[in-house]
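2 protein chains.
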Amino acid sequence: MDKLYVIKIGGNIIDDETKLVSFLESFAEIKENKVLIHGGGKVATKIGSQLGIESKYIDGRRITDAATIDLVTMVYAGLINKKIVAQLQKLGCNAIGVTGADGNLIPAVKRPVREIDYGFVGDVKSEMMETRNWQSLIENGLVPVIAPITHDENGQLLNTNADTIAQEVAKSLSSIYEVSLVYSFEKSGVLLDVNDETSLIPTITPSMYEELKSPLAGGRGSIFAGMIPKLDNAFSALKSGVHKVIIGKAENLHSLIEGNDGTSIIHE
Amino acid sequence: MDKLYVIKIGGNIIDDETKLVSFLESFAEIKENKVLIHGGGKVATKIGSQLGIESKYIDGRRITDAATIDLVTMVYAGLINKKIVAQLQKLGCNAIGVTGADGNLIPAVKRPVREIDYGFVGDVKSEMMETRNWQSLIENGLVPVIAPITHDENGQLLNTNADTIAQEVAKSLSSIYEVSLVYSFEKSGVLLDVNDETSLIPTITPSMYEELKSPLAGGRGSIFAGMIPKLDNAFSALKSGVHKVIIGKAENLHSLIEGNDGTSIIHE
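Line by line, the protein sequences give chains A and B. Okay, so the first sequence: first residue is -14 according to my numbering, each after it adds one. Okay, so the second sequence: first residue is -14 according to my numbering, each after it adds one.
No lab work stands behind these hints, which were simulated from the structure alone. Backbone N, C-alpha and C fix where the C-beta goes; we use that ideal spot for every residue, glycine too. There may be inaccurate statements among the hints.
As the list claims (entries may be wrong) - When the alpha-carbon atoms are kept at most 27 Å apart in a straight line, the in silico DSS-like pairs for lysine-lysine are as follows:
hint, chain 1, residue 1, chain 2, residue 2
1, B, Lys229, B, Lys(-12)
2, A, Lys229, A, Lys198
3, B, Lys4, B, Lys75
4, A, Lys(-12), A, Lys198
5, A, Lys215, A, Lys(-12)
6, A, Lys31, B, Lys27
7, B, Lys16, B, Lys27
8, B, Lys215, B, Lys95
9, A, Lys110, B, Lys4
10, A, Lys16, A, Lys27
11, B, Lys(-12), B, Lys110
12, A, Lys75, B, Lys110
13, A, Lys27, A, Lys172
14, B, Lys41, A, Lys31
15, B, Lys31, B, Lys229
16, A, Lys75, B, Lys95
17, A, Lys224, A, Lys198
18, B, Lys16, A, Lys31
19, B, Lys31, A, Lys41
20, A, Lys95, A, Lys41
21, A, Lys172, A, Lys(-12)
22, A, Lys95, B, Lys75
23, B, Lys110, B, Lys4
24, A, Lys27, B, Lys31
To be verified - Covered stretches of chain A, as calculated for chain B (at least 3 residues, CB under 8 Å):
hint, region
25, 35 to 41
26, 52 to 65
27, 68 to 75
28, 85 to 93
29, 175 to 181
Start from the sequences, fold in the hints, and give me the full structure.
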């Protein structure tokens, strides 16, 4: 199986032009097949407030109304995505910037209204993702750069969490590639103590994770609280066939990929 | 040679949702290979004025400053492009929305500053367009939907006239397909009398064109004044290998393609 890196770059890096350019240089140098998924950063909020589109929250959860889906489509799929593509092209990387609507890469469904109506938010229909749609790009030497927008196959664009997209793409492509899923952001990786960047845990296996989560692990349980959803997702990705999940600092992308930095979440 | 339709849809249709949806339905039904190029419409001007980005003109020519290239990238490549893609996907057409930066489809150069500095406006580098970049999409059953943005291969996005892009794409792909270039807009085609939609000229060949432009043609020269640049471009496209150029009403797309409506510009 050929190797493929599915790399998510976080919003804080998108907002910092110097860090972004440096990250893209490292990304462009990766010789194996690769896919980049980018978050949104603060640009959408800034442009939204200039346009009089306020960010709405219910119980701390962001709501995507009609004006907001237009806004994020403009900013994520237009401004941010195309700037990244132009930079990557400059670096000799044959990037193609797309959303989940393009080539029907990521079919989704509008999140059903239960206690909260999230508005135009999409949940990925994993079982409907077709690897051949991805292969037709990747095997022609193209590097998909994905903005976190999907569609319902019925004409409606949907806002979708970029971490989730990265995970779903990694899972789906695991049937045809040996996929490493990389979450790159401003932190060094999974830390034993969130306030101490030197307390990095280099490797976590499922059994280590159970131990780390356990109250018997000497208080470590509390340290992990914020990371548990991310790690649960990472282990879920492993179970679905992803070879490896790596979490770490965007500026150390090469070391992350080589396993010399960040936290690697691997099978036993 | 396989047939390919390169279809430009004008800004006035983009602005009218009913007309746009109806056009996209006709477009989706075309069975041959196809590429759609869309203009910008008035949305960019509207959103620009909300963002305090005023449209700037020198001697009647629009200037693209740094704020404006960001604006048109958002609106053309984000909002308009992705809404069209989502609609086409709904209609079963496997659209992929891109700019000239994506997959390096349309390399361009920032227009040199002579009497006027147009800012971030791109002139297409025809000789650098690579048909295999297009083939890798089209031959995988994808339908490219092009927003009128190009890049200088050095990281800079550039605003580029959609008519020009359509022409350059048609010329370039003529080496591998039998290309019909269709300019679809709100008018019936080339009219003998611009105020009379029934005065449509169904066919123009190069020799007829010379005659129509001639002052000997009984005043018809003046009737044609506004159409001359468009027609000069159309004949230039024919000379560069394009099979046929069709100009006509967007709502009659099928008739245009079948040669039953609009103006066909053809070889003798």
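- Query: When the hints from earlier in the document are held up against this structure, which numbers fail?
  - Reply: Hints 4, 7, 9, 10, 15, 18, 23 and 29 not satisfied by this model.
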